[in-house]
Amino acid sequence: MELKVLFKYTDDPDQYKMDTYISHGGYKAWEKVLKEIKPDEVIEIVKQSGVRGRGGAGFPAGVKWGFVPKDSPKPKYLVCNGDESEPGTCKDRVLMENDPHRVVEGMAISSYAIGAHHAFIYIRGEFVFPAERMRGAIEEAYEKGFLGKDILGTGYDLEMTVHTGGGAYICGEETALLNSLEGKPGMSRIRPPFPAIEGLYASPTVVNNVETLANVPEIINRGADWYAGMGTEKSKGTRIFCLSGHVKKPGNYELELGTPLRHLIYDLGGGILDDKELKAVIPGGSSTPVLTPDQIDVPMDFESVAEIGSMLGSCGVIVMHEDTCMVWAATRLAYFYMHESCGKCTPCRMGTQWMYQILSRIESGEGRPEDMDHLLSACDNIEGQTLCPLGDAAAMPVRSFAKTFREEFEYHIEHKKCMVQNSFPSFGQ
Amino acid sequence: MILNDETVKKIKATVPIYPQRRSCILPALTLAYWQEGHLNDDIYREISDILDLKTVDVASAASFYTMFPKAPVGKYYIQVCHNISCALLGADSLIDYLAQKLGVKLGETTEDGLFTVVTVECLGSCTTAPVMQINNDYYENLTREKVDQILEDLRKQG
Amino acid sequence: MSEIKLTINGREIVATKGMTILDVALENGIDIPTFCWHPKLKTVGACRICLVEIEKWPKLQVSCATDATDGMVVFTNSDRVVKARQGVIEFILLNHPLDCPTCDKGGECPLQNVVYKYGIDRARTIEPRQRFIVNEDSTFDDLPIGPEIIRNQNRCIHCFRCTRMVEEVFEEDDLGSYNRGHITEILPPPGREIRNLYSGNVVEYCPVGALTNRDFRYKVRVWLTEQKKTICNFCPDGCNLTAWTFRDKIYRTTSRRNDRVDDGFICDIGRYGYQFVHHPDRLTSPMIRRGGELVECTWDEVYDAIICKLKSIKEKLGPEGVASLVGEDCSNEDYYVIGKFLRSVVGSNSIDHRLHRKKKLSYGEDLEKLGIVGTNLTIDDLESPDLFVIVGSDLHSENPISALRLLKAKRNNDARLVLINPVPSRLSRSGTEYIHKCNTEVQLITCLARIIVREKLYNADETGLDDRQIEKFLNDTDDFTIENVSDASGISKDDLTLLARQIAEAKRAVFITGRHVSLHYRRDMVLTALFNLALITNNLRGDPKGILALRIGSNNRGCYLFGMRPDRLPINRRVDEKDSLSSDWLTGVSDRKGADTIDILRQIEESKVELTFAVGTDPVTSYPDYNYICSTLTKLDFLVVADLYLTETAKIADVVLPLSSCMETSGSFCNWEGRVQIFEQVVNPISLSRPAWQIFTDLAARLEVEFGYKSGEDVFNEFAPMISGDTKLNFRTVPESGICVPSATPVNRSAGLQPVSVRAPELDQKHEYVLITGNGDHHIGRNRTTRSESLNRFQSEPYVGLSERTANELALSDGDLVKVENDFGKIVCVVKYIDGLRDDVVWIPDNFPEISANVLKNREIEIDMVSLVKV
Ligand SMILES: Cc1cc2nc3c(=O)[nH]c(=O)nc-3n(C[C@H](O)[C@H](O)[C@H](O)COP(=O)(O)O)c2cc1C
Ligand code: SF4
Ligand code: FES
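Residue numbers (the working numbering), protein chains in the order written: chain A, 988 to 1416; chain B, -18 to 139; chain C, -15 to 855.
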């Protein structure tokens, strides 16, 4: 069952306009916060709501805001992460395109809570249209006096800027994003210092995902308890699941956390394309370990998915049917991570290259028996040992494909061809 | 000068937005790309002059980001997603189809200078796969008929 | 600072809070390999070779970026660590070619060492190594990326030390990283080369053979070389160098990191300058003039000739008939022995090293009273101020490594750099530069002081300045109103006010002057004005002292210290204070001041001096009056020139003595701080050359005075107790930090505000451009750096620098020939546009043998003016 909180109005073609947004109760939370709630109390409410980061790691948003030092003489910044580049994920785009004011309002409230007077939203460069919608919304908000100097006469100032990227998955990683926003190549930074202490321009900075922040206005309007009433004990609220791949009805579905994966794939997604057999599901974006059909009754919340060895990640659910070669799939992902490694740290830069080299050899029929060991050992030497989690993101899927579908890899090595021939919808002749 | 007055004006307008000037690099590169369709060393030098920044910083940043072609491409820069979700729904055959229909290999530009086809990583539109981006616009849920129509329309526009 | 206890590999270690695990390990001799980490660069924690295991931490951590904490239990060699480290090595070797036998870094390669120590002996990677193809026919993908630097990207392990160093430490912009992931490559920006003054450091810091230099590559294997400790003597910074020799030939010099002095960096001049030693131009034999020609002869013959002349001239004119001019690049030992010879054996005090001064330039007696002649700062002191005001200096080319300390202060304590210069300087990249109209320094500085006083931005109590003094100062300087000075200097009123406020606000400002002030016709007044400004802003209190007047000439301080002046003995004692020095040879020395350069030259004209020694100096090209110096020196009965090459002065000498360079003897130099640092003999003297100390020891012996020195070391041992006050100190026991000889005169704050005045310079009205000279790119001085092939690769051609506008007005373009002329002479040379140069200035680098700007100078004229004509 879909539970539309964020998506309540996304189907309204005029929702992106200020008037429509206001007619749907927009900017009430912002006004209330400015006039009635102290920044600390906002943080407290968000903590109480239990909302966790929607960018991938699932860190409680309120707690993160609380890390920003109050006594720092430096300016503070809020950065909204709209880089959305994890394969399988395309939820933030919908929010930015169809309900941009919700994102603006969420950013504004969050900025206020942490004491920031300049907020940025970093949108991947390819998202020209979503960025335009966000710019439009921000412009309208300035006109209405929701942004700018002395907002609604409260003395609080806030500037908001849309910043677009240039095609680099790594810029979704928060420290790389900050470097990119500073005009540098998007290479990640060592932590500590964490962004909350030394982030953008070496000042305290909070980085939150678009979807995370979009939740904030409703939390303020309807209260932390209301929000915490949705979802499971530790995974509160709803999430937008991006269902793609071999399903009949792919799309973005907003569901209460804890909804079984099967429901998403079979009931909402209409089942597997061409009524074939399900073979594998990636539950949380391409970097999360792959699941098999026997695991799809898992409730989709942070804890339950972790329990079966994968991650909820960014909720990009990628479905693969029986006619999908797993070696091919792993190779495709390995190529992606090699292409996207920033190159700063050794294990990620070289490990992703080596993994891809081994996999593409296996795929093209030149695999050798020891390759499987080498592949897994490369994963060992990457995971947990890179500068930022991109290394993990690259190694996890490779390891899980190689372990879960080991016989397919071995078949490939031995027979120099696929055990399962890819059979996908095709174009042209 | 490669960058025209309007682009230069827009680039300069980004300066007051950011607390530090180096942040203007990516917006400037984007504006230059929108004007020229690609980037090159001369453009980096112009941008560094306009913003009074080091050329090395501009060039090094530009080279990191793969969205900007670093050499001239066709008027319509067709970027086909070949990542997993799109591939599962036939991106590879879409690419073959495009290449064949336009009579070019990947990365090449058609003789009339209209089209260049390249593959790109996930475009963030997985639920509407297969997807391609032409210049700034997304084309989703592609089918053969749609692709034919799109190309025809673009050809007509010239 | 609080103490913490931790355990590394089972060993209890006490450390200080704030240290990283790596710091603690290094301090305690525990080996952890590193690649990206370097003590002089910000930590990035990227290469991951330094991973360690920490008890209770789930993941391995990089020791370079993890703080040690109390109670931490660390393992640097556990199975997990070893496995991870081998993993990193395996990853690096995926692409790094195993071409060690043909790699220039072989034998001194950190990667090779780490693989050797921690690597695995079998390769699991079978993929062909990735290449950045430059050369299809061979695997040597060498790409020259600068005059000296060759890049082989295949070997790069992406530690980014090179690019980080160029950006962070040098604030230069000629190296960057491009692309991303495994195809990341290191390159200069498009269309450019890496050619900054510090570029050679990237080769030294690169942990593999990805960056090598033309100078050294493929010439000799490092393990065959011997290393000698030496000191750079191209500028007064005194960086510590290691000279690498093989079969009595120097193959390179590298930094011998001394954190107190050079902080681990050397400039390219220090790195490649040594090539002058083996240059074919070196004099190979003594020469004597016979039948009008200089012909080679034996040492005995020249010595006999000199002694013979010496005796006859002394008989005829008395000891004062003999004088000596010395250059500023000789060793302390040379100065000591020259002084000893001239004063005690010959009996003349007519000796001077100050050859760049015009006739009316004072020698700074007044400044001595104010205590701003010597230096009251150390290089380390340059790290603490929050404001540097640099007046009349291209610190970057004059003191390249000290300049880096300013950038360090900028990095670490947000120090601000302000430059007030008549011509643009490279350091302007890191600060704000105000280019003023020539010769308005006194007005400018005084005006700044007036603004501070008038805006009441000074602290009367702390500075001890009472109202009466202030009132008087304002009255005395009422010409220097902001309006007047803005008009005169060309710096806007707003800028003047801003600058004054910045100076007043600084917690600790240091004022640094350099070449342009040192050679300024009103040097003393400029420095006096600065004294006032520093006093008003309370920057003369405590340490570091507020004024640093730097001079050109690498061992200029050694000249001071060893009395290369007519009025001074060693340790800067006045000639009438000789009793305070307990040295036998001083007993007979005359109490009377000898002649200084100007007087020596006059006495030559008057035939009161007939024999002159010119040691390590080339007055014909460096004295600011070509016509006068030539005609005067030719009047001498006997001119003895000792030098490395047949200089212009040597060409008119009666005898020429081949001098050994400082690489060919042992000895010491004194850097600008007053730090005496020793150097070892690196190679044997070239051909028949001899060091100056030896030549004068030999000459003394022929006059029956035995100095008894067999080496520079012997000379050092004689004066070491004098300069250190430690009777036991000798060449072998000098500490790494050298011996710091304090400034002769302490800063005299109680002198109060000094009167300042400007006397309008006598301007030559016929010519419209002011001539200013300085260092060309990668060169210092005239004779040595231009004989380094490497340095000539950066720049080898002279030029005349003009603003683009001036050039255009004369219908000249970059590269056209121009004639620069005045009543005294002319130069014809190519034009080069200089960004930021004033339109009324002609700038000529004074390094290249083809042209010598002193033909345009006249010692009577305060400001050199020239005209320009297109040819
Ligand atoms: C390689 C990598 C890519 C990431 N990409 C994104 C992204 O596209 N969008 C996003 O919101 N977070 C992304 N993240 C997570 C961010 O680093 C960060 O945790 C997040 O923006 C924080 O916001 P949240 O707490 O609201 O989730 C990525 C992380 C990694 C390691
Ligand atoms: S060239 Fe050398 S110093 Fe520079 S990144 Fe590569 S290995 Fe490091
Ligand atoms: S030395 Fe610590 S990560 Fe490179």
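If you are wondering where the hints come from, they were derived from the structure by calculation, not from laboratory data. Don't take each hint at face value.
[Said to hold, decoys possible] Partner residues aside, some chain C positions facing chain B, computed with beta carbon under 8 Å:
| hint | residue |
| --- | --- |
| 1 | Pro112 |
| 2 | Phe116 |
| 3 | Asn119 |
| 4 | Asp157 |
| 5 | Arg164 |
| 6 | Pro174 |
| 7 | Gly175 |
| 8 | Gly474 |
| 9 | Ser476 |
| 10 | Asp551 |
From the three backbone atoms N, C-alpha and C, an ideal C-beta is built for every residue, glycine too.
Determine which of the earlier numbered hints do not hold for this structure and return their numbers in increasing order. Hints 1, 2, 3, 8, 9 and 10 are the ones this structure does not satisfy, whereas the remaining hints hold.
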